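Chains as they are written, first to last, in the working numbering: chain A, 105 to 353; chain B, 105 to 353.
Careful: at least some of the hints might be erroneous.
Only some residues are given here: those of chain A computed to face chain B with a beta carbon under 10 Å [as the list claims (entries may be wrong)]:
id, residue
1, Ser138
2, Ala167
3, Asn210
4, Asp213
5, Gly274
Think of the hints as simulated: they come from the structure by calculation, not from any bench. This one's a predicted model, so the numbers in the text were calculated from it and none came from an experiment. Glycine included, each C-beta is placed from N, C-alpha and C at the ideal position.
Protein chains: 2
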Amino acid sequence: MPSAKKTPAPDDQETKRPKRIADQVADQILEKISDGIFLPGDRLPGERQLAETMEVSRVSVRAALQKLKTRGYLRAVQGGGTEILSSTGIDMDTAMTDLVRDSISNLRDLQEIRCTLETWAARRAATNASDEDIKLLRLAYRQAHDPRRAEKYRADDDHRLHMMIGRATGSIIYYHVMKMLHDVLQAALMEIRFNNMSGPNFDRMVQEHHHAIIEAIAVRDPDAAEKAMSNHLQAVLDFFKSASDKQAT
Amino acid sequence: MPSAKKTPAPDDQETKRPKRIADQVADQILEKISDGIFLPGDRLPGERQLAETMEVSRVSVRAALQKLKTRGYLRAVQGGGTEILSSTGIDMDTAMTDLVRDSISNLRDLQEIRCTLETWAARRAATNASDEDIKLLRLAYRQAHDPRRAEKYRADDDHRLHMMIGRATGSIIYYHVMKMLHDVLQAALMEIRFNNMSGPNFDRMVQEHHHAIIEAIAVRDPDAAEKAMSNHLQAVLDFFKSASDKQAT
DNA sequence: CCCCTAAACTGGTATGACCATTCAAAAGAC
DNA sequence: GTCTTTTGAATGGTCATACCAGTTTAGGGG
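I would like the entire structure built from these sequences, with the hints used as guidance.
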């Protein structure tokens, strides 16, 4: 890593002085997006309204939105409003994405890695999750499997659900690592057109798995959570394997 | 992440929309930074002056600077001016390095994650490693524990040894992920001056652990390899925990 | 020469206005 | 009634001005 020397504090989370109002506003909005209160595909309230409800000036709101726009969370159209694009931003490693896209065996590896990590995360979430976390977890579950949600956002919903579990671990580090892996995985899947893996049967299975995982966490049962997560990701991995047999790379 | 290519152009897709003044200003400033007219370490002219020379309002200049700040080119300090940080943008995972450096609990989390991942890697290496891999593995081991090696390179040697195990897994994806984690960990340790964790006893223990891991891989014993690696990283984790008790963060 | 103060910077925020575009409801034409 | 057109409200983008909050720096004591 080239820039690990002086770490000049990128710009964001100063962890020490979140003094600037615009940053606070950005954090608040980002939180609502991450929590699923604002959903991808929806539109943000108007800048003037946001300014009023948050009791800051429109200038600060605009600065916050500008930050989130350059990070890939939002897109604004003059006169049309501000659309929420993603609940996770976009800072993935393109080199890794290329690798995963170019070879299905790499994709399987990635899924395997994800399996070991998230299994650990499920166990830890079951012991560390707060009541607030569980509330958000259930909300994310309902949204991810709401039949009224547009098909195109299904991947994002699934992404957010898993990230919510990561958040419930209480480890911001895990959250970062997992986010990177998910970004790479999703970008690769997008380009590989594996989207057709979604079907009624697959969706139903996923929903059952998600339910089992979340409820295990909710009742603080680490063993059950770990088992449920392992079961889930192993099934997805098997799917990848069978799919890669059909279409040779 | 692992110092890959900068992947800009997230904001707007080139739908012939260079209309926004702020974006034009940002492009002009960015060009001067890339061309070396504005050098890293220097300070940008004041916002008011920039606005005047470019014949736009200060609002537009601020929007442009906000964009460049978010991308890691600039850093502004209230009253102190705007400093040019880089002519190439930043790796987004400097944020993670900051997190690890700022809190020892985050460091422990990172080590825990590393533990689960490398345990998996050891098992996989034991089944997948080629003869060539094992030769390199033993070489790395000898170098890492050669008493003639200078003390200051110990961390780097250890790093390389573990990366070699990652390489023996045959998964380029795992290699990337592990490299990123190690980079972050090492950068954080460097700044936290945890280097003094090296001592005669600690070194001897590490050497024994490394020996056990590598030989288990060499004889293709997945169970032993997994156990040895888990044992090793758990010991290091315990060390972090005891150390963090002594010096509160 | 050093230390301290104060004025002159700097970036950050607030307010109010106006423009350009979009979108949807109201008005009109058939 | 249905379709098209018009119109106006709402939205993001820009501007000007003023003031706040830190930093830097130039003067003056000591």
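Here is what the structure says about each hint:
1. The interface hint given for Ser138 (chain A) is violated, since its Cβ lies 15 Å from the closest Cβ of chain B, which is over the 10 Å cut-off.
2. For Ala167 (chain A), the interface hint holds, the least distance from its beta-carbon to any beta-carbon of chain B being 6 Å, beneath 10 Å.
3. At a threshold of 10 Å, the smallest CB-CB gap from Asn210 (chain A) to chain B is about 5 Å, leaving the interface hint in force.
4. At its closest, the beta carbon of Asp213 (chain A) sits 4 Å from a beta carbon of chain B; the interface hint therefore holds under the 10 Å criterion.
5. Restraint check, Gly274 (chain A) versus chain B: the minimum CB separation of about 9 Å is within 10 Å; hint holds.
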